[in-house]
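Visitor: Given only the sequences and the hints, what does the whole structure look like? Please build it.
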Amino acid sequence: GQQVMQIPQYQHVQEGEDFTTYCNSSTTLSNIQWYKQRPGGHPVFLIQLVKSGEVKKQKRLTFQFGEAKKNSSLHITATQTTDVGTYFCAGPRGSQGNLIFGKGTKLSVKP
Amino acid sequence: DGGITQSPKYLFRKEGQNVTLSCEQNLNHDAMYWYRQDPGQGLRLIYYSQIVNDFQKGDIAEGYSVSREKKESFPLTVTSAQKNPTAFYLCASQMRSNQPQHFGDGTRLSIL
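Heads up: the protein sequence lines correspond to chains A and B, in order. Note that this note's numbering gives residue 1547 to position 50 of the first sequence, counting from 1, and the numbers run on in steps of one. Note that this note's numbering gives residue 1019 to position 98 of the second sequence, counting from 1, and the numbers run on in steps of one.
These are computed hints drawn from the structure, not numbers from a lab. All values reported here derive from a predicted model rather than from experimental measurement. Treat the hints with caution; some may be incorrect.
[Unchecked claim] The list that follows gives simulated cross-link-like pairs (lysine to any residue, SDA-like), each with its CA atoms no further than 25 Å apart:
| no. | chain 1 | residue 1 | chain 2 | residue 2 |
| --- | --- | --- | --- | --- |
| 1 | B | Lys992 | A | His1539 |
| 2 | A | Lys1603 | B | Asn949 |
| 3 | A | Lys1603 | A | Ala1575 |
| 4 | A | Lys1556 | A | Lys1607 |
| 5 | A | Lys1600 | B | Asn1019 |
| 6 | A | Lys1600 | B | Gly984 |
| 7 | A | Lys1533 | B | Tyr931 |
| 8 | A | Lys1600 | A | Val1547 |
| 9 | A | Lys1556 | A | Gln1500 |
| 10 | A | Lys1533 | A | Val1581 |
| 11 | A | Lys1607 | A | Pro1536 |
| 12 | B | Lys978 | A | Gly1498 |
| 13 | A | Lys1603 | B | Gly961 |
| 14 | A | Lys1533 | B | Thr1007 |
| 15 | A | Lys1533 | B | Thr1000 |
Guide: Below, the structure written as structure tokens:
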């Protein structure tokens, strides 16, 4: 069945270093969404990418959607302790609006 | 203030007991979802509902049941048939297909 894979599973960085998480789908996606879950919290929507090759920025966060619409990445420049959490990508499954989530990348930032 | 309310925040289940997790939303969203989250497993879909009085099984529906009698409410019952219920349960709602999902604060369920 359809799968969404994320790597790495964990990433430990020093504050100020950059961070990237990669998301790969087994099928072509109409769109991809990214969520952030702080420790002890719930997932919060960050962004949705729809177009092939799309790049969107939110301050220090850069999101990309691959040309084939099967992969995506999230890059954080100069991480801060406030970036700590787990980042999930998710793509639609079927026509009913369900999302299939990757297992997430857990980011820890050492001050 | 619009949002999704899950209760209780913590729940303990005894052997052979059914427990019900509450999820209420005032966002006027049509679709609602229940996910289970285990460490390192991401979010796994239990049940979802696109409209009132209709719902479908997700990937891990065995041992769970739901109802959708009102647009605002989507309670999840963890039955005694679910042998490993300890997890973090998240409820989400969505305005329509391909829109972002909004999550509640979650319920942590443990076995006594």
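Visitor: State for each hint whether it applies.
Guide: These are the hints, each one checked on the structure:
1. B:Lys992 to A:His1539: Holds, at about 22 Å.
2. A:Lys1603 to B:Asn949: Outside the cut-off at roughly 32 Å; violated.
3. A:Lys1603 to A:Ala1575: 17 Å, holds
4. A:Lys1556 to A:Lys1607: 21 Å, holds
5. A:Lys1600 to B:Asn1019: 20 Å, holds
6. A:Lys1600 to B:Gly984: This hinted pair holds, its Cα atoms lying about 23 Å apart.
7. A:Lys1533 to B:Tyr931: 22 Å, holds
8. A:Lys1600 to A:Val1547: Holds, at about 21 Å.
9. A:Lys1556 to A:Gln1500: 30 Å, violated
10. A:Lys1533 to A:Val1581: Roughly 9 Å separates the two Cα atoms, so the pair holds.
11. A:Lys1607 to A:Pro1536: 15 Å, holds
12. B:Lys978 to A:Gly1498: Satisfied, since the Cα-Cα distance of roughly 16 Å is no more than 25 Å.
13. A:Lys1603 to B:Gly961: OK: Lys1603 of chain A and Gly961 of chain B at ~9 Å, within 25 Å.
14. A:Lys1533 to B:Thr1007: 23 Å, holds
15. A:Lys1533 to B:Thr1000: 30 Å, violated
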